[in-house]
Amino acid sequence: MSERKPPAAKAGIYRTGYFVAIVLAVVTVVEFYIALTFNNFAIMILLGLVKAYFVVNYFMHIKSLWSEEESH
Amino acid sequence: MSAAALGHKAGHVDSHDDYVARTRRNRLGMWLFFASEAFLFLGLLASRFYLWVGEGGEMVRPDLDQISGLVVTVVLLLSSYSMNRAEIAIAHNDRKNFLWGLVVTAILGTAFLVGVVVWEWGMFPSIVKGHLKPTDGVFGAVVFGMTGMHALHVLSGIVLIVNVWWLGRKGHFSGERHWGVEATAIYWHYVDLIWIFFYPAIYLIGHAYGAH
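Chains R and H, in that order, give the protein sequences. If you use my numbering, the first sequence closes out at 419, no skipped numbers anywhere. If you use my numbering, the second sequence closes out at 214, no skipped numbers anywhere.
It should be emphasised that the hints constitute simulated quantities derived from the structure, not laboratory data. All values reported here derive from a predicted model rather than from experimental measurement. There's no promise every hint is true.
Simulated DEER-style distance windows between Cβ atoms [unchecked claim]:
1) H/Val55 <-> R/Thr384: 19 to 25 Å
2) H/Ala48 <-> R/Val376: 23 to 29 Å
3) H/Arg24 <-> R/Ile390: 39 to 45 Å
4) R/Tyr361 <-> H/Glu57: 47 to 53 Å
5) H/Gly139 <-> R/Asn404: 35 to 41 Å
6) H/His18 <-> R/Asn387: 47 to 53 Å
7) R/Val377 <-> H/Gly142: 25 to 31 Å
Covered stretches of chain H, as calculated for chain R (at least 3 residues, CB under 8 Å) [stated by the list, open to error]:
8) 29-39
9) 81-94
10) 124-137
Where a beta carbon is used, it is the ideal one built from N, C-alpha and C, also for glycine.
Throw the hints in and build the complete structure from the sequences for me.
See below:
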């Protein structure tokens, strides 16, 4: 769909995916820790929304719905 | 009106521009489908918050195994990463990493299903005795409703991934044309997105009922 991108661009996109996966893992561990300590409902929902933002934005490419650029 | 006037030729594979336009429409359709599915999952979440309330009105949850909940969650997050890699790979015509990414995703998705069905549900009590039964009052009904509906989506996602892998092996998809891969990938991430909210709702939010 898109023009072929150079290997450097591909490596950059892979890095973004790796970064997002790390963020999701860290937030999940923080979520788990908060649940076992002070179990605050608002913080748990907020952390869920942070994770959802990363998944929708980077993994599901929601911007490609209205952007002229392709998802990759 | 002739075919030429409509911009088509007999037996002609659509042009790059046609394909891009069709893919954009497909994407919109896919997101509308996600919106309709969201009502189903929001209904299940609403039932959890409405029904899991203690005597004093505080939020409660069943006393489930926290480690198994955390492990299956991490496994599903990892599967999203491998699916993302597979999608990027095919977008760059890297068929080898594309196929491997799909295999890893299908394995992790299956591991998630096994974690839920064997450990949490206790479907095979000779291996692991589950924590709840569907008949265990409001906790059992809601846990099985939520995890069951989600597991059904995971299962259908695995079927889609295996199908895409099979087609990919036969040479389908390319950097320019891979809507089938993209649709499967965003469906898989949607399944992950649902679990992002289901996991704290089932395992983390509120005090474990009956626990000390």
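Honestly, which of those hints from before does the structure not fit?
Violated hint: only 10; rest satisfied.
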